[in-house]
Amino acid sequence: MCYNNGKGRGDSSMKTTYIFGHKIPDTDSVCASISLSYLKNKLGYKTEPRVLGTINKETQFVLNYFNVPEPQFLDDVKVQIKDMHYNKEAMIEEHSSIYEAYKFLVKLGVTGLPLINKHHKLTGYVNIKEISKYLIDGDLNYLNTSYDNMLSTLGATEILRFDDEIEGRIIAASYKSETFVNRVRLSKNDILLMGDRYRIQEYAINSGVKMIVLANNFNLPDNLLEEAKEKKINVISVPLGTYKAANMMKLCNYVMLLNINPNPVTFSIFDYRNDFIDVSSKLGHTNYPIVNKKNMCLGMICLIDTNNFQRKSVILVDHNQQSQSVDGIEEAEIVEIIDHHNLGTIGTSIPINFRSVPVGCTCTIIYQLYKEANVLIPKDMAGIMLSAILSDTLLFKSPTTTKKDIEVGNELARIAQVDVSEYGYNMFRAASSVNGMSVEDIIQADFKSFKCKDDTLAISQVMTMDFEQIAQRKEEFIDSLNSMCKLGSYKVALLFVTDIIKNGSYILYNDDAKELLEEAYGIENIEQGTYFDGVVSRKKQMLPPLLESER
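Residue numbering for the sequence shown follows the numbering used here, beginning at 1 and increasing consecutively.
I should point out that these hints are in silico values taken from the structure, not numbers from a laboratory.
Be aware that one or more of the hints could be misleading.
[Unchecked claim] Capping the alpha-carbon separation at 30 Å, the derived lysine-lysine pairs in DSS-like fashion look like this:
| hint | residue 1 | residue 2 |
| --- | --- | --- |
| 1 | Lys88 | Lys231 |
| 2 | Lys23 | Lys379 |
| 3 | Lys453 | Lys540 |
Using the sequences provided together with the hints, build the complete structure.
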């Protein structure tokens, strides 16, 4: 039995576009992903928000406050086998006939097929080479098949049926009647192919053979038919001559008899295209079964299928640097970027929608997209977009804050029915708690790396209302920053501890960064824990002097 799940090569359903922010997600990247996905879906697109890492305490507070589900984690956007147009029809039930398998191979234009059992589980693999070897060197006098396979392969007519499974020795009555009766000893497991010679028919029935196959559409005389019925002998009549029928009978056998590899190399739909190409080139095979975790066959992939695939569709928010994006971004189809940072390293092969606006927060831009599309902003979306703006602009105190951020923030606060100052204070209080967090967790909570010529700079930022919580563990933080530089190949690793109440930041750094920091920030004899009054923005205040100093 051949299988067709109705999909064949590919599926015409609408492709899902994933929307996500940068690695080590902050409130803006998460809330921008969610709110933009909501807008796109309202406009008829099929999108889903995703995150590239564990969300921080601040973002968790925001989502809980406005009862918005956390987006699922996106590991990568590499091309997988499920993105390729592999053949979902290419498999055959192991109890199908060799003839049916051969016809299906020809129909699909492939050289091999996965074998499956009645539960759809993979049991092996058969190819055209094994069929050819069987026809040349195989035991062509042995038959192990089903009654139904005999009917379909030989185009036969059922006359008497007592067994669904037919197994035994094939004998063709090619001698004269007298010679055959005298020379050939028949047994109960024999399958006898004959014409209309009465004496041989009678001899076969008296011997109690397993099956009688009558060539040229012959039938048994009524008296012999009754005797065959009494002895429960299977009888079929075929439209073929004896010679043709004899050649076709060997193709009635179960195709599983040619299964020389019950454990073929398989792949999952979640395996990566590049990995498949590597393995295939090493093994030298052409076709490979696709299975799921339960070993159920989903189809077959050929090496040529690697040329026909669909890239994952993605929209980037709050970033446009490859180092900050999801793994495998170079294999994805970027359809849109919405950001408020400087232009980064991500490139595309085709024109895309790209909106980069010098505002303090990505959600300020997304608010404008709602207005342009004339889509009402619901309370929960307004709440999370407001939260992102307050987070990125530090309650409108950051130098990155624009009039547009303030206008949009106040409008979103009205829709979300919250007081900006009170809600913002509670949000930052939830975010600033570092109790129970390791030094590494604190550094990685809001961590970004930046390329400058041949060097990589790492800047982490943590919000607090009490610097003493960090200062008490200062040496641990310095050791961790030093380790980051050694293990992560960073030239500089900095931690800015931003005091929301004082509106400034303290700096901790790796030991080798001292000279560069003194030059970049114009400070003589800089020390660990130096306070920068009014410095709260990584984008506008912390990073630019470092980049300028490195040029």
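Right, here's what the structure says about each hint:
1. Lys88 x Lys231: violated, 46 Å
2. Lys23 x Lys379: holds, 27 Å
3. Lys453 x Lys540: holds, 19 Å
Comparing the model with each numbered hint stated earlier shows that hint 1 is the single one that does not hold.
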